[in-house]
Amino acid sequence: MHMLEVKEIHKSYGSCEVLKGISFTVDKDETKVIIGTSGTGKSTLLKCINQIDPPDKGEVWLDGEELTNLSTDMNRIRQKIGFVFQDFNLFNHLTALQNVSIGLEKVKKIEKEKAKARAFDELKNVGLEKQAGQYPAQLSGGQKQRVGIARALAMDPVIILFDEPTSALDPELIGDVLDVMKSLAGKVAMLIVTHEMGFARNVADEIIFMEGGNIIESGSPEKMFNNANKERTREFLGRISCLYGKE
Amino acid sequence: MVLLGINNLINNLPFLFEGLGVTILLTLISVALATLFGILLAMGRCYGRQPLPFIIYIYEKVFRGLPLLVIFFLIYFGLSQQGIHLKAFYAAVIGLVLHSTAYQIQIFRSAISAVPDGQKTAAMSLGMSKLKTIYYIITPQVLRFSIPGWSNEFTILLKDSSIAFSIGVVELMARGDAINSMNPEGILYVLLFIAFLYFILVFSINRGLNYLEKRYRISGYAATSVR
Ligand SMILES: Nc1ncnc2c1ncn2[C@@H]1O[C@H](COP(=O)(O)OP(=O)(O)OP(=O)(O)O)[C@@H](O)[C@H]1O
Ligand SMILES: [Mg+2]
Numbered sequence: 001m002h003m004l005e006v007k008e009i010h011k012s013y014g015s016c017e018v019l020k021g022i023s024f025t026v027d028k029d030e031t032k033v034i035i036g037t038s039g040t041g042k043s044t045l046l047k048c049i050n051q052i053d054p055p056d057k058g059e060v061w062l063d064g065e066e067l068t069n070l071s072t073d074m075n076r077i078r079q080k081i082g083f084v085f086q087d088f089n090l091f092n093h094l095t096a097l098q099n100v101s102i103g104l105e106k107v108k109k110i111e112k113e114k115a116k117a118r119a120f121d122e123l124k125n126v127g128l129e130k131q132a133g134q135y136p137a138q139l140s141g142g143q144k145q146r147v148g149i150a151r152a153l154a155m156d157p158v159i160i161l162f163d164e165p166t167s168a169l170d171p172e173l174i175g176d177v178l179d180v181m182k183s184l185a186g187k188v189a190m191l192i193v194t195h196e197m198g199f200a201r202n203v204a205d206e207i208i209f210m211e212g213g214n215i216i217e218s219g220s221p222e223k224m225f226n227n228a229n230k231e232r233t234r235e236f237l238g239r240i241s242c243l244y245g246k247e
Numbered sequence: 248m249v250l251l252g253i254n255n256l257i258n259n260l261p262f263l264f265e266g267l268g269v270t271i272l273l274t275l276i277s278v279a280l281a282t283l284f285g286i287l288l289a290m291g292r293c294y295g296r297q298p299l300p301f302i303i304y305i306y307e308k309v310f311r312g313l314p315l316l317v318i319f320f321l322i323y324f325g326l327s328q329q330g331i332h333l334k335a336f337y338a339a340v341i342g343l344v345l346h347s348t349a350y351q352i353q354i355f356r357s358a359i360s361a362v363p364d365g366q367k368t369a370a371m372s373l374g375m376s377k378l379k380t381i382y383y384i385i386t387p388q389v390l391r392f393s394i395p396g397w398s399n400e401f402t403i404l405l406k407d408s409s410i411a412f413s414i415g416v417v418e419l420m421a422r423g424d425a426i427n428s429m430n431p432e433g434i435l436y437v438l439l440f441i442a443f444l445y446f447i448l449v450f451s452i453n454r455g456l457n458y459l460e461k462r463y464r465i466s467g468y469a470a471t472s473v474r
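Those sequence lines, one after another, are chains A and B. Going by this note's numbering, the first sequence opens with residue 1, and the numbers climb by one from there. Going by this note's numbering, the second sequence opens with residue 248, and the numbers climb by one from there.
Isolated chain B (complex conformation):
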């Protein structure tokens, strides 16, 4: 029984790793886009002129209030009914980005407000334009302050990507499901292995970003004073 299960797992390893590749690709594309939009919209929320901050606020509230599954179904099945047929993979990217951006705005916004206003005044008093002030003074500090929250969001997005299986993206979880329906014996070992892969990924992301956080910590600045 155990032998059979492990045998089944080994036979299916290439099949699983292909799924893992899709999971990683889906996560990386989505996290990159959501980070870009998260930063831009957080800036818009903090520095933009009304009604921009208000619109961003509404966006944030709406997408933080919806389950990811609902977002996926709306984008994939809902849009399809309106004649917009997206490939499942792209629908998943859009869904994850919409969802994660809403959370990342919050992360970057609180990091922006952790930079004392006086530093902006000081930079402008040196003759820096608003843009230079944001680029050289605000952003470097915001990025440092947001590493802990952002790495947390990164791992959540990785785990959430498994829900893409529900609209037919053939990622890691979908491969597990396929193995189950073809050959249910020993599926426990396949699923445990999938869980293990997720765990390893999350663990390495946290490790890597922890290192980054330490490396770029502002000397003498207690991490607790900014969170």
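One chain only, chain A, in its complex shape:
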């Protein structure tokens, strides 16, 4: 049984069908990267998975539970699904430490002192122990995103969804965030929407290429970069590697 199973997901906004039957799986501790042009429905797909914006048709299963079933308690399930956002979405009124501990305290009901200690450990792991007391407005973009990752990790998720985690960052800050993500590979499952081709090539177990609401092709980085089946895949990867290929 796969850990995450997405089956024939459809999603429309008004008369515009954004996702036209998406299916794939993610296994325990696997890293999958989703690539595709702007407006293809990558963000929509991630929000369909944790039911923040539920799909119209199709099923999502996690650890043998159907998330698309309306009787499933998503507040319980979402604790197991980390989410890291393009524009960070940190809680502006809370310090870095509180951003990480609030989920532990208020959702997992862990005692305050223990939650703080755990949150501090998570910040340390992403290299931000010195910034624990700072507010989001006092952090750089790269630091904010690492707080975002620490916040997701603190909940002990089985999978983390990343929506273009580095695309709002200045080039010199991207490296720190990618390093943190690399260090997670193989320890927790990750589903990552990104244009960082160097990262995808080195870290992904599989690359999924989406276009027009469909999965065009998927496979190992080796196959996708060197001998993709579809002409369109080769074209896209060729173009995007020129733009984002540098490590």
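Because the hints were derived from the structure by calculation, they are not lab data. Only a predicted model underlies this, so the values are computations on that prediction, with no experimental measurement involved. Take these hints with a grain of salt, some might be off.
Derived DEER-like restraints, expressed as beta-carbon distance ranges [unchecked claim]:
no.: 1; chain 1: B; residue 1: Leu-378; chain 2: A; residue 2: Glu-129; range: 30 to 40 Å
no.: 2; chain 1: B; residue 1: Ala-442; chain 2: A; residue 2: Glu-129; range: 55 to 65 Å
no.: 3; chain 1: B; residue 1: Leu-390; chain 2: A; residue 2: Asp-56; range: 29 to 39 Å
no.: 4; chain 1: A; residue 1: Asn-69; chain 2: B; residue 2: Gln-329; range: 48 to 58 Å
no.: 5; chain 1: A; residue 1: Ser-183; chain 2: B; residue 2: Arg-464; range: 31 to 41 Å
All C-beta atoms, glycine included, are put in the ideal place defined by N, C-alpha and C.
Place chain B with the ligands on chain A using the hints.
Relative to chain A, chain B with the ligands alone:
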């Protein structure tokens, strides 16, 4: 003449301070209720399901469009004619609350929309329920953002409470009027003293809330970026 006026003022001080007490009580009760309703209705307006937001919108438009005096008269004299006899003080509370709530909805609503939507998504993604998200994430920021507008509304309500004199609430202004009709000599000093009391109250409210605003300002967050 001056001496006579000041003498008159001093003799009437206890009488005036009783009125001041009524003014303060009227203001505090009204501001507390209007704030509570303002927050709840602003939430209803932002998060409620139709037709709730529409009904609240209509309420807002109507009561922002009416002079306070008209509201007071409707509640006190209008209702009385329909057999509902309210004490003047309670009629004034109701009038002030109806009026101020309409303005406070606006204050809290713009504060709510100043909290980026993404934070709601982030909170829900951690497994927070909608209620927890509102309580732990939205509300603390909304309260901070609304302090400047709210303190302004607080002082307006204090000043507006003097209109309650028109339906016979014996507050500060009514006491001034009573002194005038009993003993018009030196009334200028009494009225100046009343003006001074209002000014001191407004000044202290602003000072206190300014302090609160600074104390709870989110570090690094320029105040201008939210207004
Ligand atoms: N809430 C919404 N209401 C209406 N249309 C939406 C909504 N969210 C997304 N869309 C539309 O769905 C399509 C897919 O959007 P989505 O954000 O998923 O694309 P994306 O692949 O993540 O693009 P990008 O790379 O630019 O982030 C777009 O055409 C967008 O306009
Ligand atoms: Mg997107």
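Status of each hint after checking the structure:
no.	hint	verdict
1	B:Leu-378 x A:Glu-129: 30 to 40 Å	holds, 33 Å
2	B:Ala-442 x A:Glu-129: 55 to 65 Å	holds, 57 Å
3	B:Leu-390 x A:Asp-56: 29 to 39 Å	holds, 38 Å
4	A:Asn-69 x B:Gln-329: 48 to 58 Å	holds, 54 Å
5	A:Ser-183 x B:Arg-464: 31 to 41 Å	holds, 36 Å
In summary, the structure agrees with every hint in the numbered list given earlier.
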